[in-house]
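In order, the protein sequences belong to chains A and B. Residue numbers for the first sequence follow the numbering used here, beginning at 175 and rising by one. Residue numbers for the second sequence follow the numbering used here, beginning at 17 and rising by one.
Note that these hints are calculated values from the structure, not bench results. Treat each hint with caution, since some may be false.
Unchecked claim - So, partial list: chain B residues that the calculated Cβ filter (under 8 Å) puts toward chain A:
id, residue
1, PRO99
2, ILE113
3, THR136
4, HIS156
5, GLN159
6, ASN165
7, TYR169
8, VAL170
9, ASN187
Said to hold, decoys possible - To give a feel for the contact side, a few chain A residues facing chain B, derived at Cβ under 10 Å:
id, residue
10, ASP186
11, SER190
12, SER194
13, GLN197
14, LYS280
15, ASP285
16, LYS289
17, ASP583
18, ILE585
19, MET586
A virtual CB, placed ideally from N, CA and C, is assigned to each residue, including glycine.
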Amino acid sequence: MKPEEIGILIVDDEPSVRDSLYQWFKDDGYRVDTAADAASALKKLQENPWDIILLDIKMPGMDGIELQNRIKQIDKNIVTIIITAYASVDTAIQALKDGAFDYVTKPIDPDDLSKLIRNAIDKRRLVTENIQLRQQIEDLLLPDEVVGESSSIKKVMEMVNTVAKTDSTVMILGESGTGKELIARAIHSRSSRRYFPIITINCGAYPEGLLESELFGHEKGAFTGAMYRRRGKLEMADKGTLFLDEIGNISEKMQMDLLRVIETKSFARLGGDKTVDVDFRVISATNKDLEKAIKEGSFREDLYYRLNVFSIKIPPLRERRSDIPLLTRYFLSKYAQSMNKSVTDFSPQVMEMFTGYDWPGNIREVRNVVERAMVVAQGTQIQLVDISFPFPPSATPSGGASLEEVEKDQIMKILNQTNGNIAQAAEILKISRLTLYNKIEKYHLKR
Amino acid sequence: MSYIYIVPIELEDDSYLEPLERFVFQTFHLRTKKKEFKINLKDAFDPSRVQYNSSLILRQLIIKPPLDAEKILGVLDVDLFIPILTFVFGEAQLNGIGAAVSSHRLHHRYYGLPENSGATTDRLLKEAVHELGHTFGLIHCTQPKCVMNSSTYVENIDQKPAELCSLCQKNLKIEKNDTISKGFPFSWWSKKR
Numbered sequence: 175m176k177p178e179e180i181g182i183l184i185v186d187d188e189p190s191v192r193d194s195l196y197q198w199f200k201d202d203g204y205r206v207d208t209a210a211d212a213a214s215a216l217k218k219l220q221e222n223p224w225d226i227i228l229l230d231i232k233m234p235g236m237d238g239i240e241l242q243n244r245i246k247q248i249d250k251n252i253v254t255i256i257i258t259a260y261a262s263v264d265t266a267i268q269a270l271k272d273g274a275f276d277y278v279t280k281p282i283d284p285d286d287l288s289k290l291i292r293n294a295i296d297k298r299r300l301v302t303e304n305i306q307l308r309q310q311i312e313d314l315l316l317p318d319e320v321v322g323e324s325s326s327i328k329k330v331m332e333m334v335n336t337v338a339k340t341d342s343t344v345m346i347l348g349e350s351g352t353g354k355e356l357i358a359r360a361i362h363s364r365s366s367r368r369y370f371p372i373i374t375i376n377c378g379a380y381p382e383g384l385l386e387s388e389l390f391g392h393e394k395g396a397f398t399g400a401m402y403r404r405r406g407k408l409e410m411a412d413k414g415t416l417f418l419d420e421i422g423n424i425s426e427k428m429q430m431d432l433l434r435v436i437e438t439k440s441f442a443r444l445g446g447d448k449t450v451d452v453d454f455r456v457i458s459a460t461n462k463d464l465e466k467a468i469k470e471g472s473f474r475e476d477l478y479y480r481l482n483v484f485s486i487k488i489p490p491l492r493e494r495r496s497d498i499p500l501l502t503r504y505f506l507s508k509y510a511q512s513m514n515k516s517v518t519d520f521s522p523q524v525m526e527m528f529t530g531y532d533w534p535g536n537i538r539e540v541r542n543v544v545e546r547a548m549v550v551a552q553g554t555q556i557q558l559v560d561i562s563f564p565f566p567p568s569a570t571p572s573g574g575a576s577l578e579e580v581e582k583d584q585i586m587k588i589l590n591q592t593n594g595n596i597a598q599a600a601e602i603l604k605i606s607r608l609t610l611y612n613k614i615e616k617y618h619l620k621r
Numbered sequence: 017m018s019y020i021y022i023v024p025i026e027l028e029d030d031s032y033l034e035p036l037e038r039f040v041f042q043t044f045h046l047r048t049k050k051k052e053f054k055i056n057l058k059d060a061f062d063p064s065r066v067q068y069n070s071s072l073i074l075r076q077l078i079i080k081p082p083l084d085a086e087k088i089l090g091v092l093d094v095d096l097f098i099p100i101l102t103f104v105f106g107e108a109q110l111n112g113i114g115a116a117v118s119s120h121r122l123h124h125r126y127y128g129l130p131e132n133s134g135a136t137t138d139r140l141l142k143e144a145v146h147e148l149g150h151t152f153g154l155i156h157c158t159q160p161k162c163v164m165n166s167s168t169y170v171e172n173i174d175q176k177p178a179e180l181c182s183l184c185q186k187n188l189k190i191e192k193n194d195t196i197s198k199g200f201p202f203s204w205w206s207k208k209r
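Excised from the complex, chain B in its bound form (with noise of 0.2 Å):
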């Protein structure tokens, strides 16, 4: 049994964590296991951008993976970085195992506004996921009606849905035998749609 493993790294808030693994099972139709892994995020740090290193963070994220690990998702709240960006809301292998995504620049908060936990947490959804098809195989897909749409600022995510399009969903590179199709509950999405 293969698992999506989400690996929650020094959050001040996991509330949105137990969402985010029903909703991975949703789209991925790939258990999820919650584990934390040792991963040193001063080592990611960047004095000079006070910013973290996301590249870094994934290279932690998955220097010993798990045997039954499918993909591993890094689940942060500080703000990352690539060297040529000026921020990212996370990054992935593609066609690899690794990703990360954090939520620091998903809050209400962060622009002024104030705070929305609900907004927060789908956004976080929709950005693990998008983060997680690229794990996948998947690019970035130009329909505006799909998760996989690339969202280069914060109000870009919330117009696009929380899934997959026929497409991006007929392109999703999972071994079948690892999949299921039943056994979790997916009232909290459900509910919230």
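The shape of chain A in the complex, shown without the other chains (with noise of 0.2 Å):
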């Protein structure tokens, strides 16, 4: 920090003290000011901002230590120095109680003083610095992908919000692609446990034994090859959170030993006897019904219910599709910009063809789709020609395959395209909008 970019602020109802101080910081290069009483002092405040301020203890009216009081009510972050002619050691611990960066009493030394200040300015610029990376860390920390602007994907988000100033237990229960992990993060970083890692684990992905040493770790020469000691993913999440996907996939023995992790947040490492305290908050995610999970006998009862404190359901793509054109763009300008090609849109027929179809693999589909219809593209737009679907959409509409379902699925499929106008789908299917309202009745479509 330059000095000018530095603001004193003197505050003492003697002129002299007032004087000296203005001339010596004024030498220094600091921007200063002073001001005779604490109502002054306010006044000042409020009109420009400080960085430091010296303030004298016996004033008339309010004393230097209630107007610090206030000055920490207004910027807790400003730096208080208390300068007095009568030092008393109550006073002394009750200003530096009250936040006083420093307690000295005149008059100074002039090298005493230099260093007060010099420190003075490095508690300052040390407090402003860590404001700034921690505002530049929430910003790096918020997930970027959650795009939608439908009624139920801003739910989702409301859900998230509210569940995120929690530390309780989160469940996210959606179809393969629909984002589960991506809802872990945003909880995750919208909580006070953000400064801390989030680990994920995807319990679908290790056999029993390997899950078991990847979560709890191992002492070394717990089983054959485990030549170090290796902390699990339970330590690594300690103050942070776990988030334990595909938790439906886990055998008994895992669900019981999870069980018992999560409410004593204690456990031992594989071979070895010492206990490790562990603090950190469970989200879990599945696609699996885990009720029906639970009348098969598969999953238990107590652990379902120690993770389903609270539950967010994502709904698949097809249930969203107003979502779809922002989600697709979305992915275009991002992989534009990452493969540097100067792709700006969809064709009409593109865009027609994706709101449309039913995204069985939901937004890890779209992502797909996009992705490899931008390596192809040549132009300014993705065609018809550039796109592949990993699961083509079918001639049979995904309700059935009676006339009946299949006139339901068509309207709500352009009733979804056009965001629930009904004149836009009326002329789209070619029928009146009488004809159409009698529809949306019939088929229980009403929003």
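Fit the two chains together into the complex; they arrive one by one in their own frames, and the hints show the way.
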């Protein structure tokens, strides 16, 4: 910080003290002002920002200690230094307890004053830097891929914001590819644990023995090949969040072990007997129907309730078709930037195909389809020839094969495409608005 | 023609005034004029601190400045203070006309060491240029190799040079019309170096 960027306010009822300090700091190039009493100091505080305030304790009216409290209410990061002609241990303790950076008696040795101000500036700089860095981290931490303006995704984000402030366990339900991990990261990044890690473990990806070792870690020699002690994911998630993906795929033994850890927040590494205490929040996700699994006896009811204090269901993309244009364009701009291509949009035919398609692989499929199209695309628009679906749209609509089902499905599709605009939908369907209203009533398609 | 007035105030030893005048000229390229002003030191004396309030001395020094005075530098050998600090080596008005400097705490004997008049003169020259620098609008310089670097104890003064760094020279607010580049013997300081 350059001296002229640092504002120092001197509050003292003695003109000679004010003047001499003013001159002293002016010679250093600081922005300096003085106030003879608390009232005028508070006024100056509203007029300009101050980094350091030197306060005399004994002043007519409001004294320095009370003024310091008021200053801290306005901006708790302002560095305050108490100066007094009458040093007393009581006032010094009180001043420091109330947040004073230092407490000095008049007259001050010039060298001490210089060091004091240098230290105060350092502190102020660190505080400012800390605030800026935290803000930058917050910006970086915020996941940027929760894209959508449909009412259903907005509702999901409202739930994310609500639950993020708590420390409750959260279960995220949704089909494969709907962005469950993204939602878990969104919860973590909005929680008080955001400066600590979020550790993800895909429970479905490990055989039982390996999952145990991944979660709990192991001591040296715990099993063949365990040459070193290794920290598990539970330890890594300490103070942060543990995200258990595909929780429906874990064995009964693992369910029991996990329940114990979540309840006691302590465990022992494999091959060890030392208890390790951990503090983490659990977010889990599944695309399985766990209630059915409980009835079938393949998932523990007590673990289910422990994990499912709060549940968030992410709708599949086909139930929020109005988000498809936004999502596809989001990935388009992302890949255009990363691949350094000048593709700016989809052709109208492509967009029509996108909005009519069911996207069984959900957002993951959108991302893959757009990424692939971007690779092969020539020119500024993505054309039909550039598109390749992993699950080609079937001739049979998803709703069923009967005439009524086909009609219902088509009306629903067009209503989603037009974002519920009856006039537009009726025009596309080539029927009157009244007929469309009647069919909406008949098929219970009201929003 | 404007001058930097060098004003001795109740000095016991004025032997360093001549080198001081020369060095001030060399630094600021303004002619100097040595003259005694009517200053009552007793008015600035604080019996409780047994020190002299430099702000009050400065006030007396600039009360009636001569018409040809560009700056006025009071030179003393008493212990100076400003109310908030335990002592000062000198005081100046930033962008003003007046400055004062004292040799009191610049002597080796003040610190219990054998007296060294050369060292005292060196220190006094540096502090005089430093305080006059403030009157020409210079603030404390962060460069250790600049006389405008702040000195809060006497060893600081010894560590810094007597000259202004290039940036401070550039920032000096001196009317070019008043400066002269030749015509003064600089031999004293160059011999000292």
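Now for the hints, and whether the structure bears them out:
The restraint placing PRO99/B at the interface with chain A holds, with a minimum CB-CB distance near 4 Å, inside the 8 Å limit. Taking 8 Å as the C-beta cut-off, the interface hint given for ILE113/B is violated, the closest approach to chain A being about 14 Å. Restraint check, THR136/B versus chain A: the minimum CB separation of about 19 Å is more than 8 Å; hint violated. Interface hint status for HIS156/B: upheld, as the beta-carbon distance to the closest one in chain A is roughly 5 Å, under 8 Å.
Evaluation of the GLN159/B hint against chain A yields a violated restraint, the C-beta minimum of about 13 Å exceeding 8 Å. Residue-level restraint check for ASN165/B is violated (minimum Cβ-Cβ distance to chain A is 11 Å; threshold 8 Å). The interface hint given for TYR169/B is met, as the beta carbon of that residue sits about 5 Å from the closest beta carbon of chain A, less than 8 Å. Taken as an interface hint, VAL170/B does not check out: its beta carbon lies about 10 Å from the nearest beta carbon of chain A, beyond 8 Å.
A least Cβ separation of about 11 Å between ASN187/B and chain A goes past the 8 Å threshold, and the interface hint is therefore violated. Of the supplied interface hints, the one on ASP186/A holds, with its beta-carbon coming within about 8 Å of a beta-carbon of chain B, less than 10 Å. A hinted interface residue such as SER190/A counts as satisfied when its beta carbon comes closer than 10 Å to some beta carbon of chain B; here the least separation is about 4 Å, so the hint holds. Annotation: interface hint on SER194/A holds; nearest CB of chain B at approximately 4 Å, less than 10 Å.
Below 10 Å, beta-carbon pairs count as interface contacts, and GLN197/A has one with chain B at about 7 Å; its hint therefore holds. The interface hint given for LYS280/A is met, as the beta carbon of that residue sits about 6 Å from the closest beta carbon of chain B, less than 10 Å. For ASP285/A, the shortest C-beta to C-beta distance to chain B is roughly 4 Å, which falls under 10 Å, so the interface hint holds. Look at LYS289/A: its Cβ gets to within about 8 Å of chain B, closer than 10 Å, so that hint holds up.
With a least beta-carbon distance of about 75 Å to chain B, the hint placing ASP583/A at the interface is violated under the 10 Å criterion. Residue-level restraint check for ILE585/A is violated (minimum Cβ-Cβ distance to chain B is 75 Å; threshold 10 Å). For MET586/A, the suggested interface contact is broken, since its CB lies about 71 Å from the closest CB of chain B, more than 10 Å.
Taken one by one, the earlier hints fail for this structure at numbers 2, 3, 5, 6, 8, 9, 17, 18 and 19, listed in ascending order.
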